Structures are given as C-alpha cells and as structure tokens.
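Based on the hints, put chain B in the right spot on chain A.
2 protein chains.
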Amino acid sequence: MKKEVAIEKPLKLIDRSEIALVGSNGDNGYPNIKAMLKMRNEGLRKVWFSTNTSSMRVAQFAKDPRACIYFVNSSEYEGLMLVGGIAIHQDAETKRLLWKEGFERYYPLGVNDPDYCVLCFTSKWANYYHELENATFDVE
Amino acid sequence: MKKEVAIEKPLKLIDRSEIALVGSNGDNGYPNIKAMLKMRNEGLRKVWFSTNTSSMRVAQFAKDPRACIYFVNSSEYEGLMLVGGIAIHQDAETKRLLWKEGFERYYPLGVNDPDYCVLCFTSKWANYYHELENATFDVE
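For the record, the sequence lines run as chains A and B.
Going by my numbering, the first sequence opens with residue 1, and the numbers climb by one from there.
Going by my numbering, the second sequence opens with residue 1, and the numbers climb by one from there.
One chain only, chain A, in its complex shape (with noise of 0.2 angstroms):
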C-alpha cells in the first residue's frame, strides 16, 4: 500500500468522527473502553478530549498514560486504531482553548473549573483497515 493511501483515507475518517473510543488500562489488567467526545484533532498525531478531572478514566491515565483510540464507520467496514499515551492538563490555557458553550452542564463552575479537565492523546502508530484491506504505519 503506497504511503498516501495509509494517510488519506484515516485522517478523512477521523476529521468527520464526532466521537472516538477511547482505550485504557483499567483494574485487575482489564482493558477498558469509553466512547469520548473528539474535541480537536491534529491530523493523526494528537487528539484532545475534555472530561471530568474526578472521572474513572482520568485516575485511570494518571496511573497508566497507555492509551489507544479508536475511531470507526461501521457501515463501511473502516476502522482506525491510533496506539499511544494520554496526558492529562489542567493548566487554565489549555482548558481555555478547549471550553465550548454548553459545558457549563458538566462543569458547573465554568472554564476554571477543577473539575474540567483536558486529555491530550498523541499516537506512536496506527493500523487502518477498510473492507480486506488493512495497513499499520507508525505516526510521525
């Protein structure tokens, strides 16, 4: 498979996903899943998230930064697994750039928050697929 056949078609399929699915280490060495909103992407290397700084995924990061995302459209048979670790950030600049209207409703106390937090997810490699065909590529 040529280069920008294994670059174009994931970054279409994750520049359209609203949300991802978002991969963690959780107790007992049992892998956990929860579909998050995709806040922002930057092409296939970074991935941000807003969520609950109390929340189960959250001390799950701070425990393990392992993570992988996972986005999919399943009437097409196309997935897109990105492998790496999550930060997580608390500082008001990052909450600031991420804040959107309406998450007053999680976040009671506005962009300053200490609940609100945000998730940077930044990939190490991908595996894509569509229909039978299927390609894994390291993410620069």
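Note that these hints are calculated values from the structure, not bench results.
Incorrect hints may have been included.
Since the list gives no way to pick one copy over another, a pair counts as held whenever it fits inside one copy or between any two copies.
Lysine-lysine pairs mimicking DSSO-like chemistry, simulated, CA-CA at most 27 angstroms apart [unchecked claim]:
(1) K38 / K9
(2) K124 / K63
(3) K95 / K9
On a predicted model such as this, the values are computed, not experimentally measured, just so you know.
Quick look at chain B alone, frame taken from chain A:
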C-alpha cells in the same frame, strides 16, 4: 438506581447493536480496540464473534483472555461496557452454530476452514451510562 432499570436499558442497547468494540491487551502493555460484528448474544452475559484464526485479536486473546466489549449509541450519549474474558472456540459444532451465508468471502474453505474460529466473551461486570445517569453492576 433500581436493578430493572440498570438491566433493561443496556439489554436494549446490546440487542440492537450490530457491532461491538472489542478491547484487548496489546503489545508492550497498551490497550487495543477493534470493531467486530456481534454474531449472537445471551443477554449481557455472553457475546459471540467470528474471526480469522490467524488474526491479531486471536493471538492476543490466546496470550491474555482479559477483555472488554463496548456498545455505543452516540446520538443519545449512551454506552455500555462489559468487562470479562474471551475464549477461543475451534470445535466444529460451535463453528457451525455461528456460520452465516457470505462467510465464504472471509473463509474460502467454508465452515471447516481452519482459519475460521469463534470468540465467546463472558461478562463479569458492566458499566452503563445514558446522559448523566451512570451505573456499575455485576453480571450474573
């Protein structure tokens, strides 16, 4: 939350889902995710998938059966995570039970193709959420 509420809504979600997101323990301690067609389920307790014996997922579950599976209805902010174990079945009877028309595309030798096998997931516990409602419970 009453138990009937906790069971009924996740049951409806799993029953109408065509795909599940399957979480496994991948290389170097990273969680992995893959969308798979849900072939059959027995309430929240058991979920069956069919896949290639030579696939990455089968290699991972042969090494470490710890798994989670996830069902999502993103338009309603609704999700169900089941955490448990996956067993690999290669006996003729189970393979015949799960066989569907059209599988020849993936398993050219038919129901006895050694590259066709069945994965059976058994739940231990569940987490279900719908908007701001959230419940964790054991699956018996």
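Discussion item. When Cα atoms must be at most 27 angstroms apart, do K124 and K63 count as within-copy, between-copy, both, or neither?
Written reply: Both: 19 angstroms inside a chain and 23 angstroms across chains, each within 27 angstroms.
Worksheet item: 27 angstroms Cα cut-off: does K38 pair with K9 within a copy, between copies, both or neither?
Response: Both: 18 angstroms inside a chain and 25 angstroms across chains, each within 27 angstroms.
Worksheet item: For the identical chains here, do K95 and K9 meet the 27 angstroms Cα criterion within one copy, between copies, both, or neither?
Response: neither (30 angstroms within a copy, 34 angstroms between copies)
In the structure shown, a violation is registered for the earlier hint numbered 3 alone.
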